[in-house]
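Engineer: Here is how the chains run, residue by residue.
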Amino acid sequence: DQQVKQNSPSLSVQEGRISILNCDYTNSMFDYFLWYKKYPAEGPTFLISISSIKDKNEDGRFTVFLNKSAKHLSLHIVPSQPGDSAVYFCAATNSGNTPLVFGKGTRLSVIA
Amino acid sequence: EAGVAQSPRYKIIEKRQSVAFWCNPISGHATLYWYQQILGQGPKLLIQFQNNGVVDDSQLPKDRFSAERLKGVDSTLKIQPAKLEDSAVYLCASSFDRGSDGYTFGSGTRLTVV
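Protein sequence lines correspond, in order, to chains A and B.
Just so we're aligned, residue 90 is where the first sequence starts under the working numbering, counting upward by one.
Just so we're aligned, residue 2 is where the second sequence starts under the working numbering, counting upward by one.
Just to be clear, a hint being listed does not mean it is correct.
Unchecked claim - The list that follows gives simulated cross-link-like pairs (lysine to any residue, SDA-like), each with its CA atoms no further than 20 Å apart:
id	chain 1	residue 1	chain 2	residue 2
1	A	Lys-193	B	Asp-87
2	B	Lys-16	B	Leu-112
3	B	Lys-45	A	Asp-113
4	A	Lys-193	B	Lys-45
5	A	Lys-193	B	Ser-88
6	A	Lys-193	B	Arg-111
7	B	Lys-84	B	Pro-9
8	A	Lys-193	B	Val-90
9	B	Lys-45	A	Pro-98
10	B	Lys-45	A	Ser-97
11	A	Lys-193	A	Tyr-121
12	A	Lys-126	B	Lys-45
13	B	Lys-45	A	Tyr-121
14	B	Lys-45	A	Val-190
15	A	Lys-94	B	Ile-39
16	A	Lys-126	B	Gly-103
17	B	Lys-45	A	Tyr-128
18	A	Lys-126	B	Thr-105
19	A	Lys-94	B	Gly-41
20	A	Lys-126	B	Arg-111
21	B	Lys-12	A	Pro-129
22	A	Lys-94	A	Met-118
23	B	Lys-45	B	Gln-60
Just so you know, the hints here were simulated from the structure itself, not pulled from any lab data.
Turn these sequences into a full structure, and let the hints steer you where they fit.
Structural biologist: So this is what it looks like as structure tokens:
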């Protein structure tokens, strides 16, 4: 039973345009959500997070939006750069009391 | 600060053989996690330690997998005997405490079972 779903295995975007990566979750106990970025042969690195008390969190070119009623979150990258090409994982936890549960990831390719 | 160290980086073994992976977390991080990432999937938790005690091992296949964290620092994950479906990247992560979102991952060990 997948509690965190990333239904798009891959996404291709032109440099300078917006990248939108989506994530859905089924466990209503999740209240803290994170995005991780992974380059080949490296471990995932933390990118941005959002608490369920917010609906938006911004950090430079990265913005995460949370829609609790739809159990949906999205990561926006504007403008997209070739260095953003990586696999992006959505993860969720219950107030940090449970280990992170990850989605399957979305491979983003930013084309110059 | 130094990151999470894992070794070896790559390992190829035959099925039914045994293998061990080592992880050294960030100094001062009390919580340590082992995740399994099969190709095309997201990381899946195998076991979580708080200091040297097990917090969650509900998804660890205990008939063949074992893990320990002696003295609350380094950790070892062992598979014996290995199966073909164990081929995956084994990721170690650590965090300051259980409630922290600051997971730092190591680069992982890529295991191929042939």
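Engineer: For the pair supplied as a hint, B/Lys-84 and B/Pro-9, confirm whether the alpha-carbon distance does not exceed 20 Å.
Structural biologist: holds, 19 Å
Engineer: Can the restraint linking B/Lys-45 and B/Gln-60 be considered satisfied, given a maximum Cα separation of 20 Å?
Structural biologist: holds, 8 Å
Engineer: Hint check: B/Lys-45 vs A/Ser-97, CA-CA at most 20 Å. Holds or violated?
Structural biologist: Distance of about 19 Å is within 20 Å: holds.
Engineer: Could you grab the alpha-carbon distance between B/Lys-45 and A/Val-190 and see if it respects the 20 Å cut-off?
Structural biologist: Judged against 20 Å, a Cα distance of about 7 Å means the pair holds.
Engineer: Is the straight-line distance between the alpha-carbon of A/Lys-126 and that of B/Thr-105 20 Å or less?
Structural biologist: holds, 12 Å
Engineer: Keeping to a limit of 20 Å between CA atoms, is the pair of A/Lys-193 and B/Arg-111 held or broken?
Structural biologist: Holds: A/Lys-193 and B/Arg-111 sit about 18 Å apart, inside 20 Å.
Engineer: Take the C-alpha atoms of A/Lys-193 and B/Ser-88, compute the straight-line distance between them, and say whether it is at most 20 Å.
Structural biologist: holds, 17 Å
Engineer: Between the alpha carbons of B/Lys-45 and A/Tyr-128, is the straight-line distance 20 Å or under?
Structural biologist: holds, 18 Å
Engineer: Assess, step by step, whether the Cα of A/Lys-193 is no farther than 20 Å from the Cα of B/Asp-87, and give holds or violated.
Structural biologist: holds, 17 Å
Engineer: Against the 20 Å threshold, does the CA-CA distance of B/Lys-45 and A/Asp-113 hold or violate the hint?
Structural biologist: With Cα atoms ~17 Å apart, B/Lys-45 and A/Asp-113 stay inside 20 Å; holds.
Engineer: If you draw a straight line from the CA of A/Lys-193 to the CA of B/Val-90, is it 20 Å or shorter?
Structural biologist: holds, 14 Å
Engineer: Is B/Lys-45 within 20 Å of A/Pro-98, Cα to Cα?
Structural biologist: holds, 17 Å
Violated hints: none; the structure is consistent with every hint.
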